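Asker: Residue numbers (this note's numbering), protein chains in the order written: chain A, 1 to 317; chain B, 1 to 433; chain C, 1 to 161.
Hints in this document: simulated from the structure, not taken from any laboratory.
Remember, it's a predicted structure, so these values are computed and weren't measured experimentally.
Just so you know, even glycine gets a beta-carbon here, dropped at the ideal spot from N, CA and C.
One thing to keep in mind: the hints can contain errors.
[Unchecked claim] Straight line, CA to CA, 30 Å or less: simulated DSBU-like cross-link-like pairs of lysine-lysine: (1) K116(A) - K60(B); (2) K158(A) - K35(A); (3) K87(C) - K60(B); (4) K153(C) - K273(B); (5) K87(B) - K153(C).
[Said to hold, decoys possible] Label pairs and their computed distance ranges (CB to CB): (6) L433(B) - I237(A): 20 to 30 Å; (7) Q32(A) - L16(B): 17 to 27 Å; (8) Q32(A) - L3(B): 22 to 32 Å; (9) S271(A) - W40(C): 40 to 50 Å; (10) L43(B) - T292(A): 33 to 43 Å; (11) A95(C) - K394(B): 52 to 62 Å; (12) Q32(A) - L154(C): 56 to 66 Å; (13) E295(A) - K87(C): 38 to 48 Å; (14) M358(B) - R83(C): 53 to 63 Å; (15) F81(C) - T406(B): 18 to 28 Å; (16) W40(C) - H263(A): 25 to 35 Å; (17) M169(A) - I4(C): 39 to 49 Å; (18) E217(B) - A95(C): 51 to 61 Å; (19) L152(C) - T226(B): 48 to 58 Å.
[Claimed, not checked] Calculated from the model, a selection of chain A residues having no Cβ within reach of chain B, i.e. all distances over 12 Å: (20) K274; (21) Q281; (22) D301; (23) L312.
One-letter residues, chain by chain:
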Amino acid sequence: GTVQAKKVSLNYANFPPAPTFPCVQMERWKEQIEKRTDGAVQIHTFPGGTLLGAKDMMDGVINGQADIGCICMAYQPGRFTVTNATSLPLDIPDAKTGSLVLLDLYNKYQPKAFDKVKVLTMFVTAPANIMSKAPVAELSDLKGLDLRASGGAAQILKAWGANQVGMPMSDTPEALQKGVVKGLFSSLEVMKDLKFAEICKYITITDTVIYPFAVIMNKGTWDNLPGHVKQVMDSMIEEQSAWTGEYMDQHVSDSIAWSKKEHQVEVITLSPEKKAEWNAQLAPITENWIKTAKEKGLPGDQIVKDIKTLVLKRTAK
Amino acid sequence: MSLTLVGILGIAILLLLLFVFGMPVSFAMALVGFGGFSYILNLNAGVNMVSQEIWSVFSKYGLTVIPLFVFMGQIAFYSGVNERLYKAAYKWVGHIRGGIAMATIMACAAFAAICGSNTATAATMTTVAFPQMSNFRYKPMLSCGSIACGSTLGVVIPPSVVLIIIGLSTEQSIARLFYGGIGAGLLLCLLMLLTVYVVCRLNPEWGPAGPRANFSERIKSLSGATEMLILFFLIMTGLYAGYFTPSEAGGAGAFFAVVISLVQRTLSWENFKKATMDTLRVSCMVIMLIAGAMILGKFLTITRIPFNMASWVADLNVPDPVILAVIFGMYAIGGAIMDALALLLITIPIFFPVAAQMGCDPIWFAVLITVVTTLGAVTPPVGATTYVVAGMAKGSTLNEVFKGVTFFLPAYLICIVLLMVFPWIITFLPGLL
Amino acid sequence: METIEKISDILNRWAGIIAGIILGVMILLTMGNIVLRRVWVPIRGTYEIMGFAGAVITALAMGFTQKKREHIHVDILISRFPRAVKKAVFAVNTAMCSVFFLVAAWFVCLRGMTLLETGEVSETLRMAYYPFAFVVAFGCFLLAAMLFIDLLKLFFLKGAK
Ligand code: NA
Ligand code: NA
Numbered sequence: 001g002t003v004q005a006k007k008v009s010l011n012y013a014n015f016p017p018a019p020t021f022p023c024v025q026m027e028r029w030k031e032q033i034e035k036r037t038d039g040a041v042q043i044h045t046f047p048g049g050t051l052l053g054a055k056d057m058m059d060g061v062i063n064g065q066a067d068i069g070c071i072c073m074a075y076q077p078g079r080f081t082v083t084n085a086t087s088l089p090l091d092i093p094d095a096k097t098g099s100l101v102l103l104d105l106y107n108k109y110q111p112k113a114f115d116k117v118k119v120l121t122m123f124v125t126a127p128a129n130i131m132s133k134a135p136v137a138e139l140s141d142l143k144g145l146d147l148r149a150s151g152g153a154a155q156i157l158k159a160w161g162a163n164q165v166g167m168p169m170s171d172t173p174e175a176l177q178k179g180v181v182k183g184l185f186s187s188l189e190v191m192k193d194l195k196f197a198e199i200c201k202y203i204t205i206t207d208t209v210i211y212p213f214a215v216i217m218n219k220g221t222w223d224n225l226p227g228h229v230k231q232v233m234d235s236m237i238e239e240q241s242a243w244t245g246e247y248m249d250q251h252v253s254d255s256i257a258w259s260k261k262e263h264q265v266e267v268i269t270l271s272p273e274k275k276a277e278w279n280a281q282l283a284p285i286t287e288n289w290i291k292t293a294k295e296k297g298l299p300g301d302q303i304v305k306d307i308k309t310l311v312l313k314r315t316a317k
Numbered sequence: 001m002s003l004t005l006v007g008i009l010g011i012a013i014l015l016l017l018l019f020v021f022g023m024p025v026s027f028a029m030a031l032v033g034f035g036g037f038s039y040i041l042n043l044n045a046g047v048n049m050v051s052q053e054i055w056s057v058f059s060k061y062g063l064t065v066i067p068l069f070v071f072m073g074q075i076a077f078y079s080g081v082n083e084r085l086y087k088a089a090y091k092w093v094g095h096i097r098g099g100i101a102m103a104t105i106m107a108c109a110a111f112a113a114i115c116g117s118n119t120a121t122a123a124t125m126t127t128v129a130f131p132q133m134s135n136f137r138y139k140p141m142l143s144c145g146s147i148a149c150g151s152t153l154g155v156v157i158p159p160s161v162v163l164i165i166i167g168l169s170t171e172q173s174i175a176r177l178f179y180g181g182i183g184a185g186l187l188l189c190l191l192m193l194l195t196v197y198v199v200c201r202l203n204p205e206w207g208p209a210g211p212r213a214n215f216s217e218r219i220k221s222l223s224g225a226t227e228m229l230i231l232f233f234l235i236m237t238g239l240y241a242g243y244f245t246p247s248e249a250g251g252a253g254a255f256f257a258v259v260i261s262l263v264q265r266t267l268s269w270e271n272f273k274k275a276t277m278d279t280l281r282v283s284c285m286v287i288m289l290i291a292g293a294m295i296l297g298k299f300l301t302i303t304r305i306p307f308n309m310a311s312w313v314a315d316l317n318v319p320d321p322v323i324l325a326v327i328f329g330m331y332a333i334g335g336a337i338m339d340a341l342a343l344l345l346i347t348i349p350i351f352f353p354v355a356a357q358m359g360c361d362p363i364w365f366a367v368l369i370t371v372v373t374t375l376g377a378v379t380p381p382v383g384a385t386t387y388v389v390a391g392m393a394k395g396s397t398l399n400e401v402f403k404g405v406t407f408f409l410p411a412y413l414i415c416i417v418l419l420m421v422f423p424w425i426i427t428f429l430p431g432l433l
Numbered sequence: 001m002e003t004i005e006k007i008s009d010i011l012n013r014w015a016g017i018i019a020g021i022i023l024g025v026m027i028l029l030t031m032g033n034i035v036l037r038r039v040w041v042p043i044r045g046t047y048e049i050m051g052f053a054g055a056v057i058t059a060l061a062m063g064f065t066q067k068k069r070e071h072i073h074v075d076i077l078i079s080r081f082p083r084a085v086k087k088a089v090f091a092v093n094t095a096m097c098s099v100f101f102l103v104a105a106w107f108v109c110l111r112g113m114t115l116l117e118t119g120e121v122s123e124t125l126r127m128a129y130y131p132f133a134f135v136v137a138f139g140c141f142l143l144a145a146m147l148f149i150d151l152l153k154l155f156f157l158k159g160a161k
């Protein structure tokens, strides 16, 4: 048959709103794939959870509700134990490094959690930092402070003495405005994107935790793709990972610059001594994770060690 | 068969199931959504989609305001708070034709200031207002129409789940959007009051005027309104002083309602049980309506009709005002066949850049779209608010509710036109920020 | 027939009692969180628990909500049909919906199994939450059963509807 006759049409579901970075990378990937396969593949994108919500994504792709989906692994703790290790407090400096480390880790361990899907790329958010209404420069400033954060950051905030408040992002702007929470703990692009700079005048750079994402494809769909399309997609796995990490990092530094300029937001950086003091509080979290991983029959020590080595390797480049 | 055709056929089957077969609305939406989704993809995808939607709608944190606010309304009902409130209102406005309907619309607007969802507003306000309006021999058509339309103010007047969704998906300041909603909400409320006035001028027996109470009777009646005023005051204060979020307001409201009725000793154990059971049934009915609408929405999403329509409009080569009119028309039609939030999530990313290119103020555009989509919440076949009111108002038929709603449609249209001609109604308050 | 009805009545009664208690707990939890957050620390995982509790009360209410015919339907045309046609249409509707919710119950149940097998836990409290999915499956099953009883009544009880 001719290439034209075999035009493949794929549905790509994503859960956050269209302007966010997981959707930006989705549109970029779509464009590149359509171009590089000379139009043999057509991709329909569904942002904003219109086809699959965050927690439905993995099973939705396995069951064929969408051909491709983007998952945030931190939303399903327990399910992606190996890859979720990247969100331990292991000093991943930026999204690009984190994305490539995550991909390396996946390639090395080939976790069982992904047996039923084909991985098209992986990437991570930029590291989480503290955005607050009052300045946070010491651990004592954090004591008892109510910060909005996803469940994944609960242990970290607890270790620092702050209170993690879990609430949907949709409730957060109002909760901040009215003072129900006093700040949030997440990557900094939200300062500009969700206009939190209007309310939170202080940023404390902790660069602690990142959240891993994966783009996955239904196995049956993958098996039925023509060989040259598979080749194009395979060749884009690492490239897309690096591109997304770079985009994320740039987006965050733009957001910080904008917040400083438009809303006079002050950025607080911790001295190396202080940073060491803050990090010391977090050590038990990694130890705990290693213990749980071992209970599940996974080489917890080795995974943590690998991540640290991979970070060094990827930052050296 | 093209996907668009499948979508249109699906809607046709939905109409058939609803209006000819008389199938319960939530079940019909779920069945059509399931059938269509399975037809386009496969059976396995269809059943998994249904089970996922049921689980995720049922366990959605944001929807817990529904049982909690409904419970607040039921407690107020069974302890006689609503009755005393309406008796007081009757002394003040009962002598005006349709006066109680107007008071109800204003009560909806007040409730909208503490509740961010249409359906929760409708479910609560039907409990509060409908039995009382029947007591004063108001026609179900008028009372249900007033409650259904008044409830749509729930998402126009802040807090508002729709404005939050728009804010998050367009990266606009939610505070500004909320300020923008105030002007539009008040205008819409005013036009609805005017509608009641005109309708009751033409049909005096729909909202019969009662005897005029003298001044001392009125002052005396006020004591009947105190419980509700205290309840409202507590929630407003908690909300605006930052003690709780709008999602928590329902729980706080229910708690305060129970406390007030305990202090007043107006609630028997028997009535407390009744209030609880009624709450469970009403919330289940409402949440299943939402689940049905979501399942249907997944089907329409996979047909890509909303995407295609939006891209078609965005590419139209006509003057800007025409594009705007077509966009609003599309939302009005789309809102009729699809859940408003699902529709917004799909179309906003396409329309927002178009509006920006035309030089529209983003806040103005977002608020105006909210008003247009609230229209969708009351129009058949997918009009959650109307179904909630009709399902709860015993002694009224859905037919009557839809008829009642029809009288208010001009109010929406006039509101939209006024907002287009005088954009400052929306943009004035956000400009002060 | 009577035995089936008796069983369903008992099930629905208990479902109602449990759901009612959980509703009370939801109110107290919300209020408790509001107060404790102010004076001490927020209750961990409130947002998660509220979501799960909401799922449970809706699910448990599915049976008796159907029993009381709470779900709104449009009777503009159907009310004008002759008796026999009405009965036939009602039977078809009820049978379709009953099967639909039976299938839904099964697949929600499978969803619970997936949660169990993959070891997924909630975000904040890190607790296994598959049991809640089973409760929702049970709710769908109750609804399917109530619809099925309606269908049986249509054929076996003379003069019903
Ligand atoms: Na509102
Ligand atoms: Na509608």
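Asker: Decide, hint by hint, whether the structure agrees.
Answerer: Status of each hint after checking the structure:
1. K116(A) - K60(B): holds, 27 Å
2. K158(A) - K35(A): violated, 48 Å
3. K87(C) - K60(B): violated, 37 Å
4. K153(C) - K273(B): holds, 29 Å
5. K87(B) - K153(C): Violated. K87(B) to K153(C) sits at ~44 Å, over the 30 Å cutoff.
6. L433(B) - I237(A): 20 to 30 Å: violated, 45 Å
7. Q32(A) - L16(B): 17 to 27 Å: violated, 45 Å
8. Q32(A) - L3(B): 22 to 32 Å: Distance hint for Q32(A), L3(B) holds at roughly 25 Å.
9. S271(A) - W40(C): 40 to 50 Å: Given about 32 Å between the Cβ atoms, the range is violated.
10. L43(B) - T292(A): 33 to 43 Å: Since the Cβ atoms of L43(B) and T292(A) sit about 38 Å apart, the hinted range of 33 to 43 Å holds.
11. A95(C) - K394(B): 52 to 62 Å: violated, 28 Å
12. Q32(A) - L154(C): 56 to 66 Å: With Cβ atoms ~59 Å apart, the hint holds.
13. E295(A) - K87(C): 38 to 48 Å: The hint (38 to 48 Å, Cβ to Cβ) is violated, given that E295(A) and K87(C) are roughly 60 Å apart.
14. M358(B) - R83(C): 53 to 63 Å: holds, 58 Å
15. F81(C) - T406(B): 18 to 28 Å: holds, 25 Å
16. W40(C) - H263(A): 25 to 35 Å: holds, 32 Å
17. M169(A) - I4(C): 39 to 49 Å: holds, 47 Å
18. E217(B) - A95(C): 51 to 61 Å: Given about 58 Å between the Cβ atoms, the range holds.
19. L152(C) - T226(B): 48 to 58 Å: holds, 52 Å
20. K274: Given that every Cβ of chain B is farther than 12 Å from that of K274(A), nearest at about 31 Å, it holds.
21. Q281: holds, 29 Å
22. D301: holds, 36 Å
23. L312: holds, 36 Å
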